[in-house]
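Novice: So the sequence lines, in the order shown, correspond to chains F and X. Using the numbering used here, the first residue of the first sequence is number 2, and each one after it goes up by one. Using the numbering used here, the first residue of the second sequence is number 33, and each one after it goes up by one.
Simulated from the structure, these hints should not be mistaken for laboratory data. Misleading hints may appear alongside valid ones.
If you want the footprint, here are the derived chain F segments under chain X, 3+ residues with CB under 8 Å [to be verified]:
no.: 1; segment: 111-123
no.: 2; segment: 250-261
no.: 3; segment: 387-400
no.: 4; segment: 415-425
In this text, a Cβ means the ideal position worked out from N, Cα and C, and glycines have one as well.
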Amino acid sequence: MKKATWLSMILLTAMIFILAACGPDREETGADEADVSEGEEPEKPESLKVWVNDDDNQKEFYEEVTEEFTEETGISVEIEHHPMDEQLDKVSLDGPSGNGPDLFYQPHDMIGEANLQGLVSPIQADEEQLSIYEDSAIEAMSYEGELYGVPDVTETYALLYNKELVEEAPETISDLEEIAEELTDASNEEYGFLMEAANFYYTYPFMTAEGGYVFNQDEDGTYDSSDIGLANEGAVEGAEMIQSWYQNDYIPKGINDDILNGLFEDGKVGAVINGTWAVKDYVKAIGSENLGVAPLPTTDDGDPLNSFSGVKGWLVSNYSEDKYWASQLGLHITNTENAKKYHEASGQIPAVTEVVESDVLQENEHFNGFAEQTQYAEPMPNIPEMAQVWEPMGDAHEYIADGNDPEEVLNEAVEEIQAEIEMQAK
Amino acid sequence: MQKDPREPRPQVKKHNVNVATLLGLIPGIGQFYNRRIIKGSIMLVLATAFVLTFAQFLNIGYWGLFTLGTMQGVDDSRTLLIQGILSLFLTVVAIGFYAACVIDARRDAVKIQNGWKIPSVRTALSDWFDNAFPYLLVTPGLILLVFVVVFPLLFMVLLAFTNYDRYNAPPGNLLEWVGFQNFMDIVNVPIWRDTFVSVFSWTLTWTFGATTLQIALALLLAIIVNDKRIKFKRTIRTVFILPWAVPAFVTIMIFSALFNDNFGAINRDILEPLLGFGLPWMSDPFWAKTAIIMIQVWLGFPFVYALFTGVLQSISSDWYEAADVDGGSKWQKFRYITLPHVLFATAPLLIMQYSFNFNNFNIIYLFNEGGPAVRGQEAGGTDILISWVYDLTFQNSMYSMAAVVSIIMGMMVAIFAFFQFRRSRSFKEEGQV
Chain F
2 MKKATWLSMI LLTAMIFILA ACGPDREETG ADEADVSEGE EPEKPESLKV
52 WVNDDDNQKE FYEEVTEEFT EETGISVEIE HHPMDEQLDK VSLDGPSGNG
102 PDLFYQPHDM IGEANLQGLV SPIQADEEQL SIYEDSAIEA MSYEGELYGV
152 PDVTETYALL YNKELVEEAP ETISDLEEIA EELTDASNEE YGFLMEAANF
202 YYTYPFMTAE GGYVFNQDED GTYDSSDIGL ANEGAVEGAE MIQSWYQNDY
252 IPKGINDDIL NGLFEDGKVG AVINGTWAVK DYVKAIGSEN LGVAPLPTTD
302 DGDPLNSFSG VKGWLVSNYS EDKYWASQLG LHITNTENAK KYHEASGQIP
352 AVTEVVESDV LQENEHFNGF AEQTQYAEPM PNIPEMAQVW EPMGDAHEYI
402 ADGNDPEEVL NEAVEEIQAE IEMQAK
Chain X
33 MQKDPREPRP QVKKHNVNVA TLLGLIPGIG QFYNRRIIKG SIMLVLATAF
83 VLTFAQFLNI GYWGLFTLGT MQGVDDSRTL LIQGILSLFL TVVAIGFYAA
133 CVIDARRDAV KIQNGWKIPS VRTALSDWFD NAFPYLLVTP GLILLVFVVV
183 FPLLFMVLLA FTNYDRYNAP PGNLLEWVGF QNFMDIVNVP IWRDTFVSVF
233 SWTLTWTFGA TTLQIALALL LAIIVNDKRI KFKRTIRTVF ILPWAVPAFV
283 TIMIFSALFN DNFGAINRDI LEPLLGFGLP WMSDPFWAKT AIIMIQVWLG
333 FPFVYALFTG VLQSISSDWY EAADVDGGSK WQKFRYITLP HVLFATAPLL
383 IMQYSFNFNN FNIIYLFNEG GPAVRGQEAG GTDILISWVY DLTFQNSMYS
433 MAAVVSIIMG MMVAIFAFFQ FRRSRSFKEE GQV
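Generate the whole structure from the sequences, applying the supplied hints.
Specialist: What follows is the structure, encoded as structure tokens:
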């Protein structure tokens, strides 16, 4: 009996190895279909699937614009709602099995990673169609010289101030420090100027004011991840300035967005650095007439500070069978006319130049300041290596707040970023 | 196997056990030889169906498991891995079925040789049903267990031997087997080693510190409240259970705000007026660890307290009276009556408390996401293994490394639980204590 079992086991194992050597039959053809030559439209599909961010406010807008698209082209559009930060994972799982979308919505800094995973395909559009968008937004959506997304909205932060405490927006960093000096009374929880000073997203303007940079960028906009400028002289200078704010008690340790918003809404803070997303609550708390929005102060030499900007936009799935028409749908959703409507529906700043320069935005005093800052904003690097930057830099800012030597701390952070990039890239 | 000597059966001697076994190598044929036609046909049909249905699936499954795909962008290593695992399961089932067929053919042949009469289909079926009934009941649970527990576990274990991270993530790229490389990296690469050692030692300190303290506090309170002289027992007990009643994540987030260095009530309203200075709860690893242990004690003691209170009620007062007669001191009564009673009855649940805290992701993550940062180390000051794994997977997309740490973690818990459960009384059979 035992012998028989063993025999059968051996037979089966042998079979397995024979099987393992076979593999599936298939033709070794390239997966990509031929690109469409210019001026020629590929055949229209019956329908396209688009994944939009899971936000009820925008539901009607999307239904309206996709209906227009259907009327124009005869292609029906199926809308599915998925939270933006889950879409990439879902595309990676649903794409290969054919259930993925043709078009989906992502912030531009995910493009590098999406590209690594082979999830996105370049946008198929002509010069004229792309000319309506802001250059910086197009740049943000480009990766290694190719455009991977149709820009939809840009967001950045600016200086928001309480007009009851600060009459006029500070123009230079020195002015800002003066306000801090004048108004700060930490024992009463009153502050002249507050920001999340341990969050690299917000400290970027100060780290780069004197010449710091994240990754060096060549003329085409390609990033060189081996050249990190976060511990150079300029960056150290910026870090020292931030440290001096802690040391002078202008900014308390342990500040986070909850505390910052709470204090500002209580009318205890002169000015804060925050994004468009904060405006609604601030207006509710201190009144529309009391809230001022200005671009970030300049350096004492008058150079504007570069804030980080994020661009959200439409990406074409690499698994889509109708990449051309998916691109067209993306372009349609964000065209000048629809961008205006979208701004009205959501209050965000579209990436279309005409709309940014239009009266609608220019005359809205709360968006005015953001729109102005957008000119100086630099898109967050969209290469996958950027993901390794946030944590070490955030940690470095904590050490700076604790009073460690900024140069030492920044050098350590850069070493850590480099080590992590190397560790993953091997 | 009753032999009836009055009826000689000439065909019996002709029946050859070895022939039956050999024929049994093809499912069903051995049974035909034994003249169990229906049983044989069922086996033959099942075997053929299996081969026809699954041959191609197994083929691709094993091919994928060995190669993890060959065409970049077309093959999806994750899917192939899953198919491979399913193929393994199917193979195990098939081998089991196959072995059962062969063994059955041989066993029946032996019986026939010994003069056993082949039962009618009806008796055979009812015999089979009687024997198999308990197994039939267990089977759905087993199958569920295989797919819900074993399958994901196997997937994770296999991932630990691949190079799955951000830079070669499927579907765009193919994974590769890297053997024990990831395990060696944990030991050999300095930043990994330093982080692992410090996170691991803190995890152990945290597990033993927080859990032991919460049990000790619960025991103390339970014994005091159980004292005859205490009045308003019900009210006191209700109050003690309260921390359990509020969802833990709400409590932790409130505590996180309370402990804030500059704005938290603990520093500003308690320590500063009393002592004149505050403590760096959030920015100094030592104080962050202290705070987090205190919070866990607060969150965890009500459950143990409720447990102990219940057990204390069940200790007969005769024991204490007998001790009084013998002149036992308070300490002796506690040491030799109360403590053994309470601990033996609750040991398995207390062990659960330890393994729960070992993997207590909620409190670490909600309190300060494993912070504060520690210079020269990947993980934060209060990161335990599980929160570090979360960080590796969801912040840094280092899936294979996260799998490695998970395996180490799983083994720790398993070994710990295994030995402790075996030692505790609850798992010994009656009379073996």
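Novice: State for each hint whether it applies.
Specialist: Consistency of the hints with the structure:
1. Under a criterion of three residues with beta carbons nearer than 8 Å to beta carbons of chain X, the stated coverage of the segment 111-123 of chain F is upheld, 6 such residues being counted.
2. Coverage of a stretch by a chain is defined here by at least three residues with a beta carbon nearer than 8 Å to that chain's beta carbons; for the segment 250-261 of chain F and chain X the count is 6, and the condition holds.
3. Here's how the segment 387-400 of chain F fares: 7 of its residues keep a CB closer than 8 Å to some CB of chain X, so the rule of at least three is met and the hint holds.
4. For the segment 415-425 of chain F, the assignment as covered by chain X holds, since 5 residues bring a beta-carbon within under 8 Å of that chain's beta-carbons and 3 suffice.
In summary, the structure agrees with every hint in the numbered list given earlier.
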